[in-house]
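A.B. asks: Residue-level listing of the chains:
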Amino acid sequence: MKSKKLSIPYIAWMVVFTMIPIVMIGLTAFRDKAGGFSLEPFTKAWDYRFVFLKSLWIALLSTVICLILAYPLAYLLTKMKKSTQKTVQLLIMVPMWMNFLLRIYAWKILLQKNGPLDMALSLLGIHGSYIGNTAAVVVGMVYEYLPFMVLPIFTVMSKIDGGLIEAAQDLGSNNLAVFKKVIFPLSIPGVISGITMVFVPSASTFLVAEHLGGKDDVMIGDVIDKIFLNDQNTGSAISLILMVFILIFLILMNLFGDEEALA
Amino acid sequence: MEQTNKKVLVSLKDINLKYDGEVILNNINLDIREREFVTILGPSGCGKTTTLRIIGGFVEPDSGDIIFDGKRINGTPPNKRNVNTVFQKYSLFPHLNVYDNVAFGLKLKKLPKNVIKEKVLKMLAIVDLKGYEKRSVQKLSGGQQQRVAIARALVCDPDIILLDEPLGALDLKLRKCMQLELKQIQRQTGKTFVYVTHDQEEALTMSDRVVVMNNGVIEQTGTPEDIYNEPVNAFVADFIGEANILNGTMIDDCRVRILGKELECVDKGFGKNTPVDVVIRPEDVMICDPSTGQLTGMVESVTFKGVHYEMSVRVGKCEILVHSTNSATLGSTVGLRVIPFNIQIMNKLLPIEHNIIETEVTYSDISHTDETDCYFEFELEDETITVKGKYFPQGTKLRIYLPFDALSISGEGDGDLKDVYIESVVYKGERNEIILESDTRKWLMLSDIDEQVATYVPLYFNFSKAGFEVIEEPQKEGD
Numbered sequence: 001m002k003s004k005k006l007s008i009p010y011i012a013w014m015v016v017f018t019m020i021p022i023v024m025i026g027l028t029a030f031r032d033k034a035g036g037f038s039l040e041p042f043t044k045a046w047d048y049r050f051v052f053l054k055s056l057w058i059a060l061l062s063t064v065i066c067l068i069l070a071y072p073l074a075y076l077l078t079k080m081k082k083s084t085q086k087t088v089q090l091l092i093m094v095p096m097w098m099n100f101l102l103r104i105y106a107w108k109i110l111l112q113k114n115g116p117l118d119m120a121l122s123l124l125g126i127h128g129s130y131i132g133n134t135a136a137v138v139v140g141m142v143y144e145y146l147p148f149m150v151l152p153i154f155t156v157m158s159k160i161d162g163g164l165i166e167a168a169q170d171l172g173s174n175n176l177a178v179f180k181k182v183i184f185p186l187s188i189p190g191v192i193s194g195i196t197m198v199f200v201p202s203a204s205t206f207l208v209a210e211h212l213g214g215k216d217d218v219m220i221g222d223v224i225d226k227i228f229l230n231d232q233n234t235g236s237a238i239s240l241i242l243m244v245f246i247l248i249f250l251i252l253m254n255l256f257g258d259e260e261a262l263a
Numbered sequence: 001m002e003q004t005n006k007k008v009l010v011s012l013k014d015i016n017l018k019y020d021g022e023v024i025l026n027n028i029n030l031d032i033r034e035r036e037f038v039t040i041l042g043p044s045g046c047g048k049t050t051t052l053r054i055i056g057g058f059v060e061p062d063s064g065d066i067i068f069d070g071k072r073i074n075g076t077p078p079n080k081r082n083v084n085t086v087f088q089k090y091s092l093f094p095h096l097n098v099y100d101n102v103a104f105g106l107k108l109k110k111l112p113k114n115v116i117k118e119k120v121l122k123m124l125a126i127v128d129l130k131g132y133e134k135r136s137v138q139k140l141s142g143g144q145q146q147r148v149a150i151a152r153a154l155v156c157d158p159d160i161i162l163l164d165e166p167l168g169a170l171d172l173k174l175r176k177c178m179q180l181e182l183k184q185i186q187r188q189t190g191k192t193f194v195y196v197t198h199d200q201e202e203a204l205t206m207s208d209r210v211v212v213m214n215n216g217v218i219e220q221t222g223t224p225e226d227i228y229n230e231p232v233n234a235f236v237a238d239f240i241g242e243a244n245i246l247n248g249t250m251i252d253d254c255r256v257r258i259l260g261k262e263l264e265c266v267d268k269g270f271g272k273n274t275p276v277d278v279v280i281r282p283e284d285v286m287i288c289d290p291s292t293g294q295l296t297g298m299v300e301s302v303t304f305k306g307v308h309y310e311m312s313v314r315v316g317k318c319e320i321l322v323h324s325t326n327s328a329t330l331g332s333t334v335g336l337r338v339i340p341f342n343i344q345i346m347n348k349l350l351p352i353e354h355n356i357i358e359t360e361v362t363y364s365d366i367s368h369t370d371e372t373d374c375y376f377e378f379e380l381e382d383e384t385i386t387v388k389g390k391y392f393p394q395g396t397k398l399r400i401y402l403p404f405d406a407l408s409i410s411g412e413g414d415g416d417l418k419d420v421y422i423e424s425v426v427y428k429g430e431r432n433e434i435i436l437e438s439d440t441r442k443w444l445m446l447s448d449i450d451e452q453v454a455t456y457v458p459l460y461f462n463f464s465k466a467g468f469e470v471i472e473e474p475q476k477e478g479d
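Just so you know, the protein sequences line up as chains A and B, in that order.
Going by the working numbering, the residue at position 159 of the first sequence is 159; the numbering climbs one at a time, nothing skipped.
Going by the working numbering, the residue at position 360 of the second sequence is 360; the numbering climbs one at a time, nothing skipped.
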């Protein structure tokens, strides 16, 4: 009984700040400006279908690149001395202490014409701007979300019992076989939570594409940001669709995760 | 001996290992023969698991050779050694089911699938886990997990199976059952088993040969009967089974004095008037009428143990443990007899009469030379030790005699010496005789408290019980 009482503030918080807003978005999405029931917001949202696809594509690309970078890094981290581990972990975390927008501005300066990258490359005779394209958006996203991929993978990997690695060696595994047959399968839960933690926020993020991307690089987060001021109904409809997509993605990831755990 | 004509499979030659400056293994020499069940027995921290890990390839010795079937295999990684280990915590792969755990090694050998299947099923039948193939290892009981671990090692058909306290996590009943099962599996498969345990009963039950280790050293190697009946020293006697270990003096060949009585024994060659340890097993002490006893004492406790009575008889200050099928009356005076053959004489673990410190006074308080306020200091193993209530001028060379009861390991502060290692604790009927090891030497101490071996403690000296002898007066300046 005591534990139930203790949970009341959290439940109240959830109801006020999570449940009610979601219900309100749901209600607003099915109304027109006059306030009557209407599917108009969804027909308007259909106009943004390509922005949707682009957002998911950028999020997917960023997630895959994060995974490719983070997995070996996490693995190497587990092999380091405890003291080095702490330092490297800190270095991974430090950028997150800075404001999100500041970090994007930093990339803007790095990639723009006459910026440091341009200057360095002009020494080789290449000259140009590296901003205003999808690649720049992906670079910004990977930078933003890399720690969210590294840390869960590292946490899971470092919890793998050293005895299992010895047992695998004992049974005839060389280092490659130890990795393939023991470390990799046991690190899957970390990979799954990493993917979730990177894909979900990057699919709905805003400002990154606006600052680093070109004219075509509009993400759905930016659309919601812009549209909501004038047209709450369409904004709500787009948000609702995005939520459904993310929900489906989470369910898929969970299914995959469960299968891995059982296999 | 039956084993001597069998081929030596593994031999450890002069193995030494230090870790962080501590000696873990000190000159280990051990031959393990084909089809043998060898148990390495010792208290925790004695180096037994390290020895096993050296054979397994997980630890490299600082010096010495590991010879496997005639070839030196130092530096060969575990995956290239035809040795498999049953780990203490089983270390089963949680992401694989029973079948895949057992098949792990065979799959790495790239055997055909049908061969793997046949071997795995056969092995699961041997360890009594038929029908468990598809189960998750995490859902098995401790005993079942244990058997999967054994099957996983055995199925690879190694030359040697190493078992690192594999029954430690099981309850008593299951442990007894698994002991017999393990022995049976060993006979059935004809494999060499090297088994590590701290449980002496386990060692005696299963082994063809027992290796008793303490403090990085092999104390004794022999059949369970040898080890039990003819322990080489008080440590082995104390560790294997129950024993009365007493201080004695060897008067001459076949004559020993214990508890103030001269008794006949069968051991020779210790010299005359040599202090020795005397071991008498409780079942070898016979209770008789006080008039016919070699020793007399009062019965202090009688406990019924099922097969026998366990009685404690106080002879003088010393307690003698007796196992007998006849009980004596509590509080009565009885006689005790032991036949000469059952009195085991052994050299003392640390044959000293005092702890002697030879040193030079590094500082002394000149202002107070009376008994109460004076003090002097000397250096011992980089520590400055203060002796109160004694005065010797600076530069005096001294010999300090510390009796065994002038040492203690409990007190305030860091102690006169920090972090002294408890090497052995042997109960001598009256008090515990504790051997301590500091950086450069050993100490002998008496204590009423049963201390934990292989731990580090502070050591305190009580100089009020000490004797001082001046070896050399200080050199006067200007001489």
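Because the hints were derived from the structure by calculation, they are not lab data.
Take the hints with a grain of salt, since some may be wrong.
To be verified - With a cut-off of at most 30 angstroms between alpha-carbon atoms, the simulated DSBU-like pairs for lysine-lysine come out as follows: (1) B:173 <-> B:80; (2) B:109 <-> A:180; (3) A:180 <-> B:110; (4) A:159 <-> B:7; (5) B:7 <-> B:130; (6) A:180 <-> B:18; (7) A:86 <-> B:80; (8) B:442 <-> B:18; (9) B:317 <-> B:113; (10) B:418 <-> A:180; (11) B:109 <-> B:130; (12) B:130 <-> A:180; (13) A:180 <-> B:80; (14) B:272 <-> B:305; (15) B:139 <-> A:81; (16) B:261 <-> B:7; (17) B:173 <-> B:261; (18) B:89 <-> B:113; (19) A:81 <-> B:130; (20) B:397 <-> B:428; (21) B:122 <-> B:109; (22) B:119 <-> B:191; (23) A:82 <-> B:418; (24) A:180 <-> B:117; (25) B:397 <-> A:159; (26) B:18 <-> B:113; (27) B:261 <-> A:180; (28) A:159 <-> B:107; (29) B:80 <-> A:79; (30) A:81 <-> B:119; (31) B:191 <-> A:79; (32) A:81 <-> B:80; (33) B:305 <-> B:397; (34) A:79 <-> B:261; (35) A:79 <-> B:418; (36) A:86 <-> B:113.
To be verified - Just a few of them, taken from the derived set where beta-carbon distance is under 7 angstroms, the chain A residues facing chain B: (37) 9; (38) 155; (39) 156; (40) 163.
Yeah, the Cβ is synthetic: ideal placement off N, Cα and C, and Gly gets one too.
A.B. asks: When the hints from earlier in the document are held up against this structure, which numbers fail?
C.D. replies: Violated hints (numbers, rising): 1, 4, 5, 6, 7, 9, 10, 14, 15, 16, 17, 19, 20, 25, 26, 27, 30, 31, 33, 34, 35, 36, 37, 38 and 39; every other hint is consistent with the structure.
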